[in-house]
Each structure stands twice: as structure tokens, then as C-alpha cells.
Amino acid sequence: MADLTLDAVTKVFEDGEDEIVAVDDVSVEIRDGEFLVLVGPSGCGKSTTLRMIAGLETITDGEIRLGDDVLNDVRTQDRDIAMVFQSYALYPHLSARRNMSFGLEESTDLSQTDIDERVTEVASMMGISDLLDRKPGQLSGGQQQRVALGRAIVRDPEVFLMDEPLSNLDAKLRAEMRTELQQLQHQLDVTTVYVTHDQTEAMTMSDRIAVMNDGRLQQVGPPLELYHEPTNLFVAEFIGEPSMNFLSGRREGSSFVTDRIEYPFSETVADAVEDAEDVIVGIRPEDVAIRDEAGDDPAHEFEMTATVVEPMGNENVVHLEFPGETTGTEDLVAITEGMREVGENESVTVHLPEETIHVFDTATGEALHARQLELDPQALRL
Amino acid sequence: MSQSTSDSGIDVASFVEEFNLARIGQYVLVILFIGFFLAPLETGIMTALKTNEAVARTIPLAPPTGEGFTWGNLQFALEQLSGAFFNSLFMAIPATIGSVLFGSMAAYGLTMVRWRGQMLFLILFLIGIFLPYQAVLVPLARFWNNIFPLASMLAPTFETLPVVQDFHSNLVPLMITHIAYGIPICTILFRSYYQSLPSSLVEAAKIDGASISKIYRRIVLPISKPMFGVVFIYQFTQIYNEFLFAFTLITGSDTPEAVVTLILPAVGASTSGIDFGIRMSAAFLAAIPTLIIYVAFAEQFAKGLRTGGG
Chain W
1 MADLTLDAVT KVFEDGEDEI VAVDDVSVEI RDGEFLVLVG PSGCGKSTTL RMIAGLETIT
61 DGEIRLGDDV LNDVRTQDRD IAMVFQSYAL YPHLSARRNM SFGLEESTDL SQTDIDERVT
121 EVASMMGISD LLDRKPGQLS GGQQQRVALG RAIVRDPEVF LMDEPLSNLD AKLRAEMRTE
181 LQQLQHQLDV TTVYVTHDQT EAMTMSDRIA VMNDGRLQQV GPPLELYHEP TNLFVAEFIG
241 EPSMNFLSGR REGSSFVTDR IEYPFSETVA DAVEDAEDVI VGIRPEDVAI RDEAGDDPAH
301 EFEMTATVVE PMGNENVVHL EFPGETTGTE DLVAITEGMR EVGENESVTV HLPEETIHVF
361 DTATGEALHA RQLELDPQAL RL
Chain A
383 MSQSTSDSGI DVASFVEEFN LARIGQYVLV ILFIGFFLAP LETGIMTALK TNEAVARTIP
443 LAPPTGEGFT WGNLQFALEQ LSGAFFNSLF MAIPATIGSV LFGSMAAYGL TMVRWRGQML
503 FLILFLIGIF LPYQAVLVPL ARFWNNIFPL ASMLAPTFET LPVVQDFHSN LVPLMITHIA
563 YGIPICTILF RSYYQSLPSS LVEAAKIDGA SISKIYRRIV LPISKPMFGV VFIYQFTQIY
623 NEFLFAFTLI TGSDTPEAVV TLILPAVGAS TSGIDFGIRM SAAFLAAIPT LIIYVAFAEQ
683 FAKGLRTGGG
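Same order as they appear, the protein sequences are chains W and A.
The first sequence begins at 1 in the numbering used here and counts up one residue at a time.
The second sequence begins at 383 in the numbering used here and counts up one residue at a time.
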């Protein structure tokens with residue numbers, strides 16, 4: 001067992017004259033037994049990164065190490081890894097049993113009896129014992145998914161690689177598999193790199209998340225750290241559903257000013273912002289508080305109109321607009337508890353608590369200030 | 383009441399009328415085409431079963447009657463062709479298997495394995511398809527006769543083998559020639575099939591630790607079974623029916639190693655004219671092996687065409 005290290009890994013695809021940088025200088029260390037989720041929008045280079053770890057793509061620059069061994073020039077066949085594909089990539093002409101035993105037959109010297117034993121054991125762990133003699137075409141999507149996972153597990157590799165393995169399942173099954181996969185990973189304690197574009201999967205399953213965009217690593221950290229202390233606008237927007245609200249404007253003195261509002265900064269925030277001119281203020285929807293009447297923090301309270309209310313049962317998603325000319329786009333999204341009634345076109349008082357705001361530099365997108373947490377920072381690293 | 387009945391009457395009538403016209407047109411066309419395509423076959427079979435006299439007296443399409451019917455033509459043709467049948471199959475079956483197998487391997491190497499200079503090789507294969515046979519006939523004959531006389535080298539070995547005679551060694555150069563010239567087209571056919579397969583299959587096998595050759599043997603080869611059906615039928619028909627190479631590499635129709643296509647033009651011809659009954663019998667018999675292949679591989683063929691995309 002060993003750590004998997006990506007050291008300044010770069011991938012450049014050559015397309016005729018053009019050079020396309022798919023992965024740009026990505027460095028991350030995945031500790032032994034850790035579950036790291038690589039997340040980002042499509043085309044951000046996360047799959048390419050995974051394929052470089054697998055050896056399916058060559059590495060243009062940088063180094064990938066497993067323990068102390070440099071993997072760059074090791075053939076895919078000789079890397080001790082197993083991968084689960086989005087399409088499952090089960091061999092259509094082989095039974096589930098043969099699909100699972102194929103890797104052991106090819107990569108180990110185990111006897112057929114030992115192989116059969118291991119396949120049977122993993123199959124019962126995955127709950128597919130009675131499906132072993134069927135071919136992939138006779139299995140449902142969820143069952144194929146289990147066989148594909150079983151095929152990876154039976155190999156007992158140093159590293160699991162998973163390329164959006166749940167995205168072909170329906171929503172209910174996906175949620176089930178999410179929990180199950182997480183338990184399996186804990187149980188097996190195998191270093192896992194999991195690629196997804198779904199931030200829910202990233203938040204719920206990972207020990208740490210690595211957010212990528214445009215081939216660059218944006219931030220690596222435990223899920224809650226990314227949620228509460230995003231280092232830039234991209235991470236702030238990508239993590240969280242519905243995503244963080246952003247108000248762009250200027251800093252004037254120690255206040256934040258947009259066309260509609262003036263929002264005074266406290267000393268702490270003002271110090272963090274320093275002399276940045278154009279800034280963006282971000283606030284999570286659940287931190288936007290809707291009040292019936294003015295509260296005790298008038299400087300941070302605003303009159304707004306609820307334009308659309310989406311009841312979810314446990315909560316309501318309320319779209320809010322500042323008074324004045326309607327721009328057609330809502331200005332803020334708030335989440336209130338499900339029992340609180342807000343009528344559409346109702347005028348409400350909205351409280352934006354100062355301790356919950358994030359401030360970003362408009363030009364660079366870098367975070368200047370993150371929300372204050374009552375939480376002990378250690379608690380973030382659950 | 384009366385209004386409604388007359389309405390529905392008109393509706394049904396117009397519907398039936400349209401329906402019939404289209405249907406009748408379709409059937410007439412279908413029957414015409416069936417007749418057009420089947421008439422020569424019918425003529426051939428009927429002529430094969432007629433005596434010489436009946437051929438002269440009756441119209442070609444009519445079946446033989448009474449005195450005019452005979453099995454003699456078929457019997458005679460079979461005697462004439464039996465040796466050639468063996469020669470043709472002895473040459474065509476290994477040649478087909480060889481070119482299909484090598485074609486599939488080449489396509490795998492050119493499609494599913496990545497290496498430098500791949501494109502150059504693909505272009506070479508493409509050129510191979512468009513190489514006119516006539517242009518290579520003379521060099522080919524010189525190669526097999528003077529530079530590398532494989533047939534005479536193998537003759538002593540063939541003499542000691544059971545079933546085959548020493549002269550059968552003359553078929554080996556023809557067999558190898560067919561394999562060589564069949565590879566390009568087989569490669570292209572397999573290539574389009576392999577391109578349609580998901581690349582993750584090969585990647586999964588790689589991650590499972592299988593080598594390039596193992597991936598071919600254990601994954602790609604079994605998956606391409608339907609395509610093998612298609613290419614096998616196509617290639618067998620090509621090689622079995624081929625005349626130009628056979629004519630160049632085998633000395634003539636009177637030699638014992640002559641293949642069916644060489645003998646066929648000579649069967650039934652004599653100084654007194656052409657015996658059409660015998661000739662048709664021979665043609666009919668010569669077509670049987672390809673028909674058997676089509677029937678035997680029909681299921682694979684249909685599957686391959688469906689999934690082939692090529």
C-alpha cells in the first residue's frame with residue numbers, strides 16, 4: 001500500500017498545428033486508503049488526469065508516482081490498478097464470472113481454483129452471486145454496474161480509478177450505490193480516485209475533493225472546507241446546490257456598493273479586502289434570511305420581492321429581486337425552511353448576515369475573505 | 383340516418399379503391415422483378431436436365447418432359463468437375479481463412495493499438511485494394527516460376543502426404559497469392575467494424591493486465607464473430623470465383639490441378655459444337671459451394687451487416 005502522487009502533471013494534445021493543454025500542472029497527493037474525488041465541469045481535464053494515472057494517456061510533463069515508483073513509463077498492464085468505466089466496458093461475450101476472473105487470469109499466477117474462490121467471494125460481497133453465469137446483455141444497468149465494480153475489487157489493486165461510474169444509473173439507484181460504494185471503499189481501504197461532474201457525489205463520498213477547471217487544479221480539500229472556504233469564485237460557484245449568490249460591485253471606503261445597495265463591511269472584512277477596487281460578494285442561499293419585519297441589523301437588511309417560490313417540502317427555494325427596474329434575472333436565491341410560507345410577488349425583508357459573506361476579487365477571482373465559522377477548523381476535516 | 387349511411391359508404395369505397403391500386407402496383411412490380419431475376423436460373427436448371435435434342439426443340443424456360451428428361455448431363459459434368467472441386471476447395475478454404483484472419487489482425491493493429499506511422503501503413507493497405515490484378519500478372523508468374531519456385535519445392539513433400547498428390551503443390555502459390563491480395567480489403571472491412579466498437583473494452587482489458595496479443599485473442603476475436611461471417615462469405619466467393627490468377631499460375635484446364643473456374647469454360651465444348659445441357663449442369667454444380675457457404679453463414683452474415691456499419 002502506498003500514496004499516489006501527481007507531481008506537476010501536464011497533458012498536451014496535439015491537434016495538427018494546435019496544441020491543446022488538457023491538464024495543466026496538476027499536483028496532488030492522494031494518501032494511502034484515501035477517497036479523492038476529482039470534480040469539475042465537462043472538458044476540465046479530470047478524465048484525462050484519471051487516464052494518465054491508468055496509463056491510457058501518456059504524460060506530457062511531470063511525474064506520477066505510486067509510493068516511490070515513478071509510473072510514467074510503466075505499461076498500463078503492469079500498473080497495479082483497477083478501473084471502473086462510465087460505460088462499464090464489460091466484455092459482452094463473457095459471463096459475469098468470466099468478466100471478473102479475466103483480470104486475475106491475465107495479471108496473476110493464481111490457480112483457477114483460487115481465482116474461482118475469489119470471484120465467488122467478491123460476488124457474494126456485491127450481492128451478485130446468482131448472476132454470475134449471465135452475460136452482460138442479460139443484466140440490468142444496476143447489475144452491470146455491480147459486475148464492473150466486482151471486476152475491479154476482485155483484482156485487489158493498489159489504486160481504484162473510477163470514471164463517472166454512477167452517471168448511467170437512475171437517480172434512486174445512484175443514491176443507493178453512492179452509499180454502498182462509500183462503505184465498500186472504507187471496508188477495502190484502497191486508495192481511490194473518483195471522477196465525476198456531479199458535486200453531490202463529490203460532497204457525499206469523498207475524503208477530499210479536488211476541483212478542476214480548464215485543466216487546472218482549483219482547490220483540494222475536505223468537502224466542508226471547500227464549501228465554507230472556497231479559494232476562488234469557480235469553487236464557490238461549483239460546490240453547493242443551489243449555488244452561491246454573487247453580487248458584483250465596488251468597494252467604496254469600507255462599504256460594498258452596487259447599483260442597488262450599499263452594504264457596510266465590518267473591520268475584519270474590510271481588512272481582508274484591503275484596497276481591492278472591484279469585488280464580488282458571495283453568500284450561500286441558506287444564509288440568506290427572510291424576515292417579515294426589520295430586525296436588529298438594519299445596515300445588512302434589504303427590501304426585496306419574492307419572484308418565484310419553489311417548494312421542495314423540507315425547504316423552499318425563494319428567488320428574490322431588488323426593487324426598482326426589473327432586469328428579468330433574479331438577484332438572490334434564498335432557502336427557507338419548508339413550513340415558512342412566502343407568497344410570490346410578496347415584499348420581504350432580507351437579511352444578509354455579515355459573518356456569512358465571502359468576498360472575491362473580480363479581476364482574479366481569488367477569495368479575499370471567507371465566511372466566519374463558529375466551527376472548530378478541525379471539525380471540517382471529519 | 384340516410385345521410386350517415388351514404389357518408390360511411392363513400393368513405394369505405396374510396397379507401398378500398400386507393401388501397402387496392404397501391405397494393406396491385408406493388409405486387410405487379412415484385413412479380414416482375416422476381417421473374418426477371420429467376421428466369422436465367424430457371425433456364426439454367428431446366429437446360430441442365432434436358433437431352434441435347436430437347437434443348438434444340440423446346441423453349442429454354444420450359445421444363446423437360448418425357449423423353450427429353452435426363453440426369454446424364456449432371457452426371458457427366460460432375461465427373462468432369464470432381465477433381466477441380468477438390469482443387470478449388472483445397473485452395474480456396476485455406477486462402478479465405480488466411481486472408482480473413484490476417485485482415486482482422488491487421489485491422490486490430492491499425493485501429494485499436496496506437497503506434498507511430500500507423501497512417502502510412504493504412505495507406506499502403508488502401509493502395510493494395512486498388513492495385514489492378516492485370517498489372518501484377520507477369521511479375522507474379524515470374525516470381526512463382528523462376529525466383530521462388532515454391533510449387534516444385536513442395537512437390538516431393540506433397541507426394542508423401544495422404545489425400546493430396548504431388549501436382550497439388552501447384553495450388554500453394556495460388557493460395558498464398560490470394561491470401562496476400564485478400565488482406566487489404568479484409569483489413570478495411572474489419573477496420574470499420576473495429577472503429578465502431580467502444581475503445582473502453584480494449585482499455586479495460588489493458589487495465590486487467592492483458593497483453594496486446596491476448597486482448598486480440600480473448601476479447602477482440604470473439605467479439606468480431608459476426609463480422610467474420612460477412613468477410614468470410616465475401617472472400618470465399620471472391621477466391622472461389624477468381625479466374626485471372628488461377629489462369630496465370632496454373633498452366634491450363636487440362637492439368638490435374640486446374641480449379642473449377644479454369645475447367646468450366648471447357649466443359650461441354652467439343653468439335654461438334656457446344657453441349658448446352660452439360661455446360662448448364664457444370665455451371666449449376668460449380669455454383670453450389672458458394673450457395674452452401676451463404677446458407678451456412680446466413681445468420682452471421684445478417685448479424686454482421688446489422689452491426690458492421692461497414
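Source of the hints: derived by calculation from the structure; they are not laboratory data.
Keep in mind that the hints are not guaranteed to be accurate.
DSBU-like cross-link-like pairs, simulated, lysine-lysine; straight-line CA separation at most 30 angstroms [said to hold, decoys possible]:
| # | chain 1 | residue 1 | chain 2 | residue 2 |
| --- | --- | --- | --- | --- |
| 1 | W | Lys172 | A | Lys596 |
| 2 | A | Lys607 | A | Lys685 |
| 3 | A | Lys596 | W | Lys135 |
| 4 | A | Lys685 | W | Lys172 |
| 5 | A | Lys685 | A | Lys596 |
The following residues of chain A were derived to be distant from chain W, with all beta-carbon distances above 10 angstroms [what the hints assert, rightly or not]:
| # | residue |
| --- | --- |
| 6 | Pro442 |
| 7 | Gly454 |
| 8 | Glu461 |
| 9 | Gln577 |
| 10 | Ser582 |
| 11 | Ser593 |
No residue lacks a Cβ here, since even glycine has one placed at the ideal position from N, Cα and C.
Verification of the hints:
1. The hinted pair formed by Lys172/W and Lys596/A fails the criterion: a straight-line CA distance of about 39 angstroms is larger than 30 angstroms.
2. Between Lys607/A and Lys685/A the alpha-carbon distance is near 9 angstroms, which keeps this suggested pair within the 30 angstroms criterion.
3. With a C-alpha separation of about 21 angstroms, the suggested pairing of Lys596/A with Lys135/W holds against the 30 angstroms cut-off.
4. Of the pairs offered as hints, the one joining Lys685/A and Lys172/W is violated, with about 36 angstroms between alpha carbons and a cut-off of 30 angstroms exceeded.
5. Restraint check for Lys685/A and Lys596/A: satisfied, since their Cα atoms lie roughly 25 angstroms apart, inside the 30 angstroms limit.
6. For Pro442/A, the requirement that its beta carbon stay farther than 10 angstroms from each beta carbon of chain W is met, with the minimum near 50 angstroms.
7. No Cβ of chain W approaches the Cβ of Gly454/A within 10 angstroms, the least distance being about 51 angstroms, so the stated non-interface status holds.
8. Listed as outside the interface, Glu461/A is consistent with that label: its C-beta sits roughly 46 angstroms from the nearest C-beta of chain W, beyond the 10 angstroms cut-off.
9. Every CB of chain W lies more than 10 angstroms from the CB of Gln577/A, the least distance being 16 angstroms, so the non-interface label holds.
10. A beta-carbon of chain W comes within 10 angstroms of the beta-carbon of Ser582/A; the shortest separation is about 4 angstroms.
11. Under the 10 angstroms C-beta cut-off, the non-interface status given to Ser593/A relative to chain W is violated; the minimum distance is some 6 angstroms.
Violated hints, listed in ascending order, are 1, 4, 10 and 11; each of the other numbered hints is respected by the structure.
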